[in-house]
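Chains A and B are the protein sequences, given in the same order.
Just so you know, UniProt numbering puts the end of the first sequence at 706, numbered straight through with nothing missing.
Just so you know, UniProt numbering puts the end of the second sequence at 706, numbered straight through with nothing missing.
Accuracy of the hints is not assured; some may be wrong.
Copies of the same chain look alike in the list, so a pair counts if it works inside one copy or between any two.
Said to hold, decoys possible - Here are the computed lysine-lysine pairs in the DSS-like style, where the Cα-Cα straight-line distance is at most 25 Å:
1) 152 with 420
2) 403 with 365
3) 550 with 523
4) 543 with 648
5) 143 with 53
6) 454 with 365
7) 503 with 69
8) 272 with 234
9) 523 with 365
10) 143 with 69
11) 649 with 543
12) 152 with 25
13) 396 with 420
FYI, nobody ran anything at the bench for these hints, they're computed from the structure.
2 protein chains.
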Amino acid sequence: MKTDHQLGDLFYPERVAVIGATNRKESIGRALFENIFNDFEGEVVPINPNYDKVLGVKSYPDIDSVPEKIDLAIIVVPPRLVNNTLRQVGEEGIKNVVVITAGFGESGSKGVSRETELRKIADEYNLNLVGPNSLGLLSTSVKLNATFGPEKPLEGSVSFMSQSGALITAVLDWARDRGIGFHNIVSLGNKAVLDETDFLSAWENESGTSVIIAYLEGIEDGSEFISTARSTTKRKPVVMVKSGRTEAAARAVSSHTGTLAGSEQAYQAALKQAGVLRANNVETLFDFAEVLRKQPLPQNNEVGIVTNAGGPGIMATDALEGAGLSLASFSDETLMKLDSSLPNESSIYNPVDVLGDAGLDRYRKVILALIDDPQVGAIITISYPSAVLSYDELAKELVEVQKNREKPMVSCLMGGSRVKFAVDILQSGDIPNYFDPERAVKSLGALNRYRDIKEREYYPPETFSVNKTRALEILSQVETRKNNRLGVEAMDLLETYGISIPKGEIVEDPERATEVASNIEGKIVMKIVSPDILHKSDIGGVKVNVARDKIREEYEDLIVRARNYQPDATILGVQIQEMTDIDTGVETILGMNRDPQFGPVLMFGLGGIFVEVLEDVSFRIAPISESEVREMINDLKSSPLLRGARGKKPVNIDSLVETMQRFSQLVSDIPAVLELDINPLVVTPEEAKAIDLRLTVDEERLGYES
Amino acid sequence: MKTDHQLGDLFYPERVAVIGATNRKESIGRALFENIFNDFEGEVVPINPNYDKVLGVKSYPDIDSVPEKIDLAIIVVPPRLVNNTLRQVGEEGIKNVVVITAGFGESGSKGVSRETELRKIADEYNLNLVGPNSLGLLSTSVKLNATFGPEKPLEGSVSFMSQSGALITAVLDWARDRGIGFHNIVSLGNKAVLDETDFLSAWENESGTSVIIAYLEGIEDGSEFISTARSTTKRKPVVMVKSGRTEAAARAVSSHTGTLAGSEQAYQAALKQAGVLRANNVETLFDFAEVLRKQPLPQNNEVGIVTNAGGPGIMATDALEGAGLSLASFSDETLMKLDSSLPNESSIYNPVDVLGDAGLDRYRKVILALIDDPQVGAIITISYPSAVLSYDELAKELVEVQKNREKPMVSCLMGGSRVKFAVDILQSGDIPNYFDPERAVKSLGALNRYRDIKEREYYPPETFSVNKTRALEILSQVETRKNNRLGVEAMDLLETYGISIPKGEIVEDPERATEVASNIEGKIVMKIVSPDILHKSDIGGVKVNVARDKIREEYEDLIVRARNYQPDATILGVQIQEMTDIDTGVETILGMNRDPQFGPVLMFGLGGIFVEVLEDVSFRIAPISESEVREMINDLKSSPLLRGARGKKPVNIDSLVETMQRFSQLVSDIPAVLELDINPLVVTPEEAKAIDLRLTVDEERLGYES
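With the sequences and hints as input, model every part of the structure.
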C-alpha cells in the first residue's frame with residue numbers, strides 16, 4: 001500500500017483494453033484476449049498496431065486511438081515497451097491497469113530499474129496498478145477473466161489474492177471439482193504498486209466478498225498491513241497461507257522474489273495481532289474459507305458429536321483439543337431427551353452413539369436435541385455406510401434441520417462414490433462434508449477462532465507521559481563512540497520512559513563512588529562500565545554486596561582489572577548500584593529487534609535457560625496494547641512461574657505489563673533504537689526492574705522521529 | 001495374543017461355512033453369504049436348519065452334517081446360540097472361526113460372561129477366532145469377502161486390521177476411488193481370542209502383504225505387542241491410527257469398548273519403541289501406506305525439489321523441517337549439469353525452478369541430474385497447469401525415468417480434472433501424486449522414518465548382576481505397615497540394584513546417630529523418617545549441614561518436632577546422610593507407573609519446574625536397552641542442561657544411563673513395585689545419585705516374580 005488507493009471499479013470495468021492482444025496462437029496476448037472475449041459481460045478492445053482485427057474484433061494501433069472510455073487496461077507488451085505504454089495509459093486518464101509482462105524486479109538489475117520507473121509513472125498518474133509479472137485478475141460477477149491461464153472459476157463469494165500466479169491456475173482447476181466458487185481473484189505479481197493491504201481494504205468494503213483468502217510469500221508494509229487487517233478481520237474472515245515459514249524456505253523466497261523476507265516470528269506475531277487465520281496448505285486454506293463462508297459462528301467452543309459408530313466418533317473427539325475445542329457436556333434436559341429417543345445400548349453421552357442400525361429418525365432426534373442445548377456450540381454428524389440409512393436422506397435431513405438455526409454444523413458422511421449425491425445435497429445446503437473426522441473438527445476450530453477474533457476488543461496502546469527529549473540526548477552519546485552500541489551507561493534511557501531501574505549512578509572517581517554509595521540504603525553492587533568490555537563478570541568486573549568501607553578500594557581494583565584486560569579500553573567509570581534481591585523475583589528478558597517488514601518486534605521470555613535452551617519466548621509487533629501484552633506473557637509455557645508456581649510469591653504482573661507497554665512505546669517512538677535488550681528485567685512481588693541493558697543505535701536516524 | 005496362534009489358512013480357506021446363512025432380505029446372514037457366494041474362488045456352504053437351500057445352494061442343518069472338510073466357519077447365529085455353535089465347530093476339528101454376532105463383552109454383564117465362556121471354548125479347541133462383534137474378514141487373492149458390508153476392495157498388498165468395522169466399510173468405498181488395493185482385511189471385533197499382535201505376526205511372514213495398517217483403540221497385551229512389532233517393523237512397515245489420544249477421547253473409548261485404555265504416554269512410547277509409524281487420520285494412514293508400498297527407501301533425508309513455479313516449491317520447502325527432512329545441497333557436478341540445461345532466469349539451486357515455460361525436456365534433464373546426485377535422497381516434482389507442458393507426458397516421463405532406479409519420487413502435478421489421466425499414469429507407475437506439496441513432503445518423511453526404523457539395531461536390555469533377594473526383603477517391610485507406601489527408609493532397595501545412594505543410615509537412637517555421622521566425610525543431613533509425615537521440610541524435619549557436635553541435639557529436636565506434628569505418628573528413626581552437592585549437578589526425576597496395557601512405564605525429566613510447569617518429560621516402556629535410554633534422555637527439550645549448557649560442567653551421562661538401565665531392570669524384575677519415584681536423582685559430573693524415593697508396593701504380588 002504505497003499510497004491510499006481506492007480500487008473503485010478495478011474488478012468491475014465496463015470496457016477493457018488489452019494492449020498487446022494478438023492473433024498469434026499460444027501467445028499470452030491471445031490467450032488473455034480470448035479469455036476476456038469469450039465470457040466478459042462488458043466490451044473488450046484489442047490494441048495492437050500490427051493487426052486490424054484480433055479474433056474478429058476491431059483493433060486499435062494504440063490506446064490513444066480508442067474512441068470509447070476504457071476502465072481497465074491490461075498490458076501484455078514486451079518488457080521494454082511497458083513503461084511507454086503505461087505512460088500513454090496514464091495520459092488517457094485510465095486509472096486501472098494490470099501489467100502482465102514479466103522481466104521487472106524479479107529478473108536482474110535491468111528489471112529492477114525498469115520497475116522503479118514503472119512505479120514512478122504509476123505514482124505520477126495515480127494508477128491502480130496490478131503487477132508487473134502478474135497472471136491477471138478475475139471477477140466472476142461480471143464474467144471477467146483477465147488472465148492468460150486456462151481455467152475459469154465458479155462464481156462465489158470468496159475473494160483470493162495470490163503472490164503465485166501458478167497457484168491460482170492450479171487452484172482454479174482443483175476448486176471447480178469441489179464446487180468452490182470465487183468472487184474476485186488477483187495475481188499480485190511483483191506488487192510494485194498495489195499490494196495485499198490494498199486488496200484487504202478493498203474487499204473489506206465490498207459486499208460481494210464474504211471471505212478473503214491469500215497466498216503470500218511476503219508482506220510489503222508490515223505496520224500498514226496489521227492496522228488494516230485488524231479492521232478487516234473484525235468484519236470478514238481472512239485466511240492466509242504465508243509461505244517461507246522455515247529458514248530454508250525463507251531463503252528460497254528471497255532468491256525467488258529478490259526481497260528480504262521478514263522473520264517467521266514477526267509474521268506469526270503480526271498475523272495473530274491482525275486476526276488473520278493461518279493455514280499451512282491449500283486444502284486447509286479452502287476448508288477454512290468454505291466453513292467460514294457457509295456456517296454461522298458458534299456461541300461457545302463445545303462440540304456435540306453424533307455418530308453411528310464408535311471409532312470415527314473417537315477420532316473426532318481426539319481432534320478437538322488440538323483445534324481449541326472441547327467435548328460438550330449436555331444439559332440434563334438433553335440427556336433425558338436422548339435417553340427417551342435412543343435404544344438402551346446407545347451412548348447418550350457425548351459422543352452420542354446412535355448405533356449401526358440407526359435410521360434417519362434417531363439421527364434427527366439427537367440433532368434436534370443438540371441444537372436446542374445452549375451448552376452445545378457446534379455439531380458434527382458422522383456416519384458410515386449402513387444398509388438401514390440412506391446418505392441422501394440423511395443429507396436432506398441435515399440441511400432441513402439446520403435451516404433458520406444459528407448453530408454451526410459440519411458432517412462426515414464417510415465414503416467415496418457412495419456419498420457423492422449426499423455431498424451435493426449438503427453442498428447446496430451449505431454444510432461442509434469431510435471424509436476424515438479430524439478435518440471436520442479443524443474446520444469447526446477455525447470457526448471458533450474467528451468468533452474470538454470478531455469478539456475481541458481492540459484498544460489502541462496507551463500513551464504514557466515520558467521524557468523523549470532526554471531519551472534522545474542519552475542516545476546521542478554514541479556519536480562520540482567508536483561503535484554504535486550502548487550498555488549499562490544508558491540505563492537512564494529506560495528511566496526517561498518510566499521503566500524502573502535500581503538506584504545509583506556511574507561515577508568517575510572513588511570519592512564520588514563513596515558519596516553515591518552512602519545514599520543507597522540496601523546492599524551495593526559495583527560494575528566496571530566500558531563499551532569495550534562486553535562480558536564484565538569474566539574479568540571480575542562486577543562486585544556484589546560491597547561493604548561500605550571498601551568502596552574506594554574496590555573502585556581502584558575494578559579500574560586495574562579493566563586496564564589489565566585491555567590497556568586501551570575506553571573506561572566510562574564505575575556503576576554504583578543498589579542490589580536488587582533477585583531471589584524473591586523472576587528474571588526475565590525483554591528485547592526488541594527491527595524487522596525489515598514489520599519494524600519493532602518485541603520478544604519476551606524468562607531469563608537464562610528458558611530463552612536459551614527451551615526457546616520459550618513470545619513475540620509481538622510494537623506498539624502493543626495492554627491486552628496484547630497480557631496475551632504475550634500468557635503465551636509462555638513458563639508463565640505460571642510468574643504467578644507463583646512451586647510455593648513462591650506471585651510477582652507483580654501489573655508492573656511487568658506496564659513496563660512492557662512503556663518499552664513498546666520507547667521503541668515505537670524512537671526509530672534510532674535499532675536493537676534493545678533489557679536483560680535481566682527482574683520482576684519481584686513489588687515491581688519490575690531493569691538491571692542491565694544493551695542497545696544498538698542507528699546514528700543516521702537519531703534526528704528523526706517515528 | 002492369548003496363546004501362540006498360527007493363523008495358517010485363516011485368510012485362504014478352500015471351503016467356508018456360513019452358520020446362520022439365510023434367504024431373508026436385509027439380514028446379516030444373507031448379506032454375508034451373498035458376499036462370499038458372489039465372488040469366492042472356493043466353495044461356500046450355508047448352515048441353517050430352517051432352509052433346504054440358501055440362494056440356491058444346498059443348506060445343512062448343522063456343521064456336523066456337512067460331508068466335506070470346512071476350513072473356515074463364519075458364525076452369524078443369535079448371541080445365545082453362539083457358544084453352542086462354537087463348540088460344534090470345535091468338535092468338527094475346524095480351527096478358523098469368525099464370530100460376527102454381537103452382544104458379548106461390549107454389552108453388559110450377560111455379554112461379558114458369554115464372552116468368557118466363548119474364550120474358554122476357543123482355548124479348549126485351540127481355535128483361531130476372530131471377533132465376536134466383528135464385521136468379518138476379506139482376502140482379495142482368493143476373492144473372499146466374508147463381511148456383511150456393502151463394499152468390496154481392489155486387490156493389492158496392503159493388509160488392514162481395524163477395531164472399528166464401520167471404518168472398514170467407510171474406507172473400502174473411499175479407497176476404491178483412489179485406486180488403493182488390499183490384501184487381507186480383518187475386523188478385530190472384541191478381540192476375545194485373536195488380537196492385533198496375532199495379525200502382526202501372521203502378516204509379517206506372509207508374502208502377499210507388503211505394508212500393514214491398523215486402526216486401534218487399544219492394545220490387548222502391551223509387552224507382547226512391543227516385542228512382536230519390533231520384529232515385524234524390521235521386515236515390513238506398520239502404520240497405525242491409535243485413537244483415544246486425548247483424555248476426552250480415552251474416556252469415550254472406555255465407555256465404548258468397556259476396557260480401560262492405557263495412557264497416551266504409554267502408547268506413544270510403545271509405538272516408538274516398536275517402530276510403528278503413527279497417523280492421526282485416515283488420509284495420512286493411506287498416504288503413508290501407499291508411499292511405503294510403492295516407493296524405495298531414501299538413502300538420506302535430503303530432498304531435491306523440481307518445480308515450474310516458485311510458490312509451490314516454497315510450500316514444499318516449508319514442510320520439510322516438520323517431516324524430519326531437509327533441502328538437499330547439490331554436488332558441484334549437479335549444479336554444472338543444471339546450469340547447462342536451464343535458461344539463465346531459472347534457479348539451479350534447490351528448489352530448482354525450471355520456470356513456467358518449461359517443457360518436458362527441462363524437467364527430464366533436471367530429474368536425471370538429481371537422480372545421479374548421491375546427496376539427493378528423494379525427489380519431488382511439482383508442476384502447475386501450463387500451456388507448454390502436457391501433464392500426461394510429464395507423468396509418463398516420471399514413470400519412465402524412475403524405472404530401475406532406487407531413488408524415491410513423489411509428485412505434485414497440481415490440478416483437478418485436468419490432472420486425472422496423468423494421475424492414472426503415475427498410479428500405474430507407482431508414483432504417488434498429491435495436490436498439496438505439504439502432503440507429498442509428509443509422505444517422503446514417512447519413508448525416511450521407516451528407513452531409520454529398518455536400519456536401527458536393537459540390542460536387548462543388558463542384565464546387571466543385582467541382589468534381588470535382598471530387594472524383596474526390603475519391600476516386605478510394608479507387611480507391617482498401615483499402608484503400602486515406603487519412603488526414604490527403603491533407599492537400600494536402590495542399592496541392591498546398584499543405584500548409588502548417599503552414605504548413611506537410619507538410626508533409632510542419638511548414640512548411633514553420632515557413630516554413623518563420624519563415619520561420614522562430607523557435610524551431614526539429618527531427616528526424620530516416618531510413613532505418616534509426607535512433607536518433612538514443612539515441619540522442620542530436615543536439617544542440613546549439621547555440625548558434628550550437634551548430632552545428638554538435632555536428633556532429639558527432630559523427634560520432638562515429629563511428635564508435636566502428630567503424636568501417634570509411626571517414627572522409624574532419623575536418617576543420617578552424607579550431603580550431596582546439588583550445586584555442581586542437575587536434579588532429575590526418574591519414575592515408574594504400571595500401565596494396565598503396557599506394564600512398567602518409565603518417566604524421566606529434569607527436576608522442579610521442568611516436570612511440573614513445562615511438562616518436559618519423556619516416557620518409555622521397561623525394560624529398555626541402553627540405546628533406548630539415551631534416546632529417552634535426548635527426547636527432553638532440556639537435555640542440553642545435562643551436557644553443560646550455560647558454562648556448567650557436563651554431568652556424567654554414562655552414569656545416568658546405567659542408573660536408568662538398573663532402574664528399568666528393578667521395575668521389570670519385581671512386579672510388586674507398583675510405583676517408584678526417585679526424586680531427586682542428582683546427576684553430577686562424577687555420578688548419578690538417588691537422594692530420595694517414594695514407592696508403592698502391591699503386597700499381593702510380593703511373593704511373585706516377573
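So, going through the hints one by one against the coordinates:
no.	hint	result
1	152 with 420	both (23 Å within a copy, 18 Å between copies)
2	403 with 365	within (16 Å within a copy, 57 Å between copies)
3	550 with 523	within (13 Å within a copy, 33 Å between copies)
4	543 with 648	between (28 Å within a copy, 21 Å between copies)
5	143 with 53	within (23 Å within a copy, 65 Å between copies)
6	454 with 365	neither (32 Å within a copy, 51 Å between copies)
7	503 with 69	neither (73 Å within a copy, 98 Å between copies)
8	272 with 234	within (13 Å within a copy, 44 Å between copies)
9	523 with 365	neither (74 Å within a copy, 73 Å between copies)
10	143 with 69	within (20 Å within a copy, 71 Å between copies)
11	649 with 543	between (28 Å within a copy, 24 Å between copies)
12	152 with 25	within (19 Å within a copy, 49 Å between copies)
13	396 with 420	within (13 Å within a copy, 30 Å between copies)
When held up to the earlier numbered hints, the structure conflicts with 6, 7 and 9 and fits the remainder.
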